[in-house]
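Chains as they are written, first to last, in the working numbering: chain A, 9 to 384; chain B, 9 to 384.
Please note that a few of the clues may not be correct.
Since the list can't tell identical chains apart, any single copy or any two copies may satisfy a pair.
Stated by the list, open to error - Cross-link-like lysine-lysine pairs, in silico, DSBU-like; alpha carbons within 30 Å at most:
#1 K22 - K137
#2 K342 - K172
#3 K172 - K220
#4 K220 - K322
#5 K220 - K375
#6 K172 - K297
#7 K322 - K375
#8 K227 - K137
#9 K342 - K374
#10 K172 - K384
#11 K227 - K384
#12 K384 - K22
#13 K375 - K137
#14 K137 - K384
#15 K60 - K22
#16 K220 - K297
These are computed hints drawn from the structure, not numbers from a lab.
Protein chains: 2
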Amino acid sequence: MGVKRQGWEKTTMKILVLGADGYIGWPLCLRLESLGHEVHGFDNYVRRLRVKEVGSNSAIPIAEPDIRNNIFEIRSGSLKYLYELDGYDAIVHLAEQPSAPYSMQNVRFACETVNQNVMGTMNLLYLMKEQNPDAHLVKLGTMGEYGTPSCDIPEGFIEDGPMKGLPFPKQAGSFYHLSKVFDTQCIEFACRTWGLRSTDIMQGIVFGTRTKELNHPDKMTRFDYDQYFGTVINRFCAQAVAEVPLTVYGGGGQTRGFLPLKDSLECLVLAIENPPAHGEYRVFNQFGKIYSVTALAAYIERACRNLGMMARTKAIDNPRIEAEMHHYEPRCEKLRMLGYNPNWEIWEEMEAIIEDLIPYKYHINKKVIYPTTTWK
Amino acid sequence: MGVKRQGWEKTTMKILVLGADGYIGWPLCLRLESLGHEVHGFDNYVRRLRVKEVGSNSAIPIAEPDIRNNIFEIRSGSLKYLYELDGYDAIVHLAEQPSAPYSMQNVRFACETVNQNVMGTMNLLYLMKEQNPDAHLVKLGTMGEYGTPSCDIPEGFIEDGPMKGLPFPKQAGSFYHLSKVFDTQCIEFACRTWGLRSTDIMQGIVFGTRTKELNHPDKMTRFDYDQYFGTVINRFCAQAVAEVPLTVYGGGGQTRGFLPLKDSLECLVLAIENPPAHGEYRVFNQFGKIYSVTALAAYIERACRNLGMMARTKAIDNPRIEAEMHHYEPRCEKLRMLGYNPNWEIWEEMEAIIEDLIPYKYHINKKVIYPTTTWK
Numbered sequence: 009m010g011v012k013r014q015g016w017e018k019t020t021m022k023i024l025v026l027g028a029d030g031y032i033g034w035p036l037c038l039r040l041e042s043l044g045h046e047v048h049g050f051d052n053y054v055r056r057l058r059v060k061e062v063g064s065n066s067a068i069p070i071a072e073p074d075i076r077n078n079i080f081e082i083r084s085g086s087l088k089y090l091y092e093l094d095g096y097d098a099i100v101h102l103a104e105q106p107s108a109p110y111s112m113q114n115v116r117f118a119c120e121t122v123n124q125n126v127m128g129t130m131n132l133l134y135l136m137k138e139q140n141p142d143a144h145l146v147k148l149g150t151m152g153e154y155g156t157p158s159c160d161i162p163e164g165f166i167e168d169g170p171m172k173g174l175p176f177p178k179q180a181g182s183f184y185h186l187s188k189v190f191d192t193q194c195i196e197f198a199c200r201t202w203g204l205r206s207t208d209i210m211q212g213i214v215f216g217t218r219t220k221e222l223n224h225p226d227k228m229t230r231f232d233y234d235q236y237f238g239t240v241i242n243r244f245c246a247q248a249v250a251e252v253p254l255t256v257y258g259g260g261g262q263t264r265g266f267l268p269l270k271d272s273l274e275c276l277v278l279a280i281e282n283p284p285a286h287g288e289y290r291v292f293n294q295f296g297k298i299y300s301v302t303a304l305a306a307y308i309e310r311a312c313r314n315l316g317m318m319a320r321t322k323a324i325d326n327p328r329i330e331a332e333m334h335h336y337e338p339r340c341e342k343l344r345m346l347g348y349n350p351n352w353e354i355w356e357e358m359e360a361i362i363e364d365l366i367p368y369k370y371h372i373n374k375k376v377i378y379p380t381t382t383w384k
Numbered sequence: 009m010g011v012k013r014q015g016w017e018k019t020t021m022k023i024l025v026l027g028a029d030g031y032i033g034w035p036l037c038l039r040l041e042s043l044g045h046e047v048h049g050f051d052n053y054v055r056r057l058r059v060k061e062v063g064s065n066s067a068i069p070i071a072e073p074d075i076r077n078n079i080f081e082i083r084s085g086s087l088k089y090l091y092e093l094d095g096y097d098a099i100v101h102l103a104e105q106p107s108a109p110y111s112m113q114n115v116r117f118a119c120e121t122v123n124q125n126v127m128g129t130m131n132l133l134y135l136m137k138e139q140n141p142d143a144h145l146v147k148l149g150t151m152g153e154y155g156t157p158s159c160d161i162p163e164g165f166i167e168d169g170p171m172k173g174l175p176f177p178k179q180a181g182s183f184y185h186l187s188k189v190f191d192t193q194c195i196e197f198a199c200r201t202w203g204l205r206s207t208d209i210m211q212g213i214v215f216g217t218r219t220k221e222l223n224h225p226d227k228m229t230r231f232d233y234d235q236y237f238g239t240v241i242n243r244f245c246a247q248a249v250a251e252v253p254l255t256v257y258g259g260g261g262q263t264r265g266f267l268p269l270k271d272s273l274e275c276l277v278l279a280i281e282n283p284p285a286h287g288e289y290r291v292f293n294q295f296g297k298i299y300s301v302t303a304l305a306a307y308i309e310r311a312c313r314n315l316g317m318m319a320r321t322k323a324i325d326n327p328r329i330e331a332e333m334h335h336y337e338p339r340c341e342k343l344r345m346l347g348y349n350p351n352w353e354i355w356e357e358m359e360a361i362i363e364d365l366i367p368y369k370y371h372i373n374k375k376v377i378y379p380t381t382t383w384k
């Protein structure tokens, strides 16, 4: 049963990945399988539908479900698979509506987002309580749950003073973020009340196209670049390749934590293979390095120059309501202590994305990048 | 248009009360009307249904909706009334599922509670944004959102140190409480993002039967005493009248803020008539005095002795998972500064409840008081 690796004797784990067809879910399944774990994936494919509905597509083509299933089987259709949680060591919950602007379109999308995310988490917690309270819930949250307070951001809990041990206050910036904050509070409650155990991951913004398992065209993971599902670095890379200006929202001083897809997988594996104690609720802040949007745009320009291309930047009205100049000092120590070491240069990562996008230059629909959904 | 009162020139306000058929909603409508305001009430009567479904009733009989409508008209049926928010100065939102144990019965009731409360608040905020962003949203939250931290509890926001100004951390103790915390975060977001204004009221536990407008049998407000909808003082009074032991949950050291129904109305009126600035989100902690459950049981025994009755107390296993000995120092200064002065003795208030219940001794169904829903 043991899988020898990293000098430790690792035991094969039985792992369920919810949201297995997604940007992170798909390569995570391949990674976990390559590490010798028994991996079951589940997805309802609603993300593919939503991206279509907003008029966009994955810039890098991804295999149709039936082809993906020949590489790694994702269960779908009947929900009955989801109702059998017995025997799993870890349940990785990535099955959420992940876009803030998508949630801010109007009341319908706000309610759809909150409903999917909140009810999904609540149902999962109840199923775990009833069927498998010993399993480790690995839940993807977002650094965005913290907002941008003017103090340093600890990993989940206040570290000193009279409020020591209380959850660090959250300030959500969209209905999507509100749904994630609710998830967090729900999971903490379930651990405290029912004795479940969970790692609640406050993840920074993920970017990139490459992990070592994505070694065949049919294995590629999705690459979104539109105003809803495209996050900033991926969107900038797509804009550079499509030869349209990089759209910097507002002042550009907005500062966040970032990590490449390969690091996201590495961190998730660290969380899965190093579970918390029974009844423990722990929070990992998960990111590699911190950049402002303006700095990212400058790095993209540099990456383009290195590739003999030219990128232009254009400041546009900020569609969001957010601080554009702010303090940002989040901590990220727990994953470092487990061995995570971000070992990359941002412009090299950007070059890799741009190189991977160049063959698909004409797959990029320029019309869906510019933000039309605003917070007002 | 002016209504002379308290030495100030008060203007008649147009006020919408959502949840107008409820324990607080009904007497609040009568109070606001008696103060000269133009009051519109709305209710879907789901509370009456739910109390029936759990096998209980209002110990003090309340008028059927058609009779109530002859006293004060409550709009119901078609939701179209709710979609016309134009012209209101204040919107009082009391239309939520208010019971923690009800939400903890199983996944269905947990989801029903979160769904009703969260979607109700979200839809209301969107309607206000679109139709009447200047209206003052008066939202009933609960002191329970704060949990029982080992530090003092401020009014909504951290007051000093590096986290000054951030929301005070919440620790919900049930899915009901989680839904209320979500409401709070949603409303704060709507004020910060859309410029709405709101008073978010963290209310203590309300008890009692009397307000000066409830001066006729057909005007009485509901009185719940069952395990789901009966809160501790009202439940203890019903148990004393029904001659069954007062059920103290666990150690009885659980300590909370309390206020009589008449004070709840007074405080709500203070909030309504003293609105926040445009775009302001403010939090009022709303309670009169602080007691432990054990102290309340002793006061009930005293009230009974004063009335020539006898009450017995019985400690039972705590159905909830909660701290039974804890620090509890919440602040309640903002309402005091507006003039609120809790001016009553707890045993006298309890005597009044017991006197009002005695004629309805045989309306009390003893079988629905003992807790069967547990947190485990």
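Violating hint indices (sorted, rising): Numbers 3, 4, 5, 8, 9, 11 and 15, in rising order.
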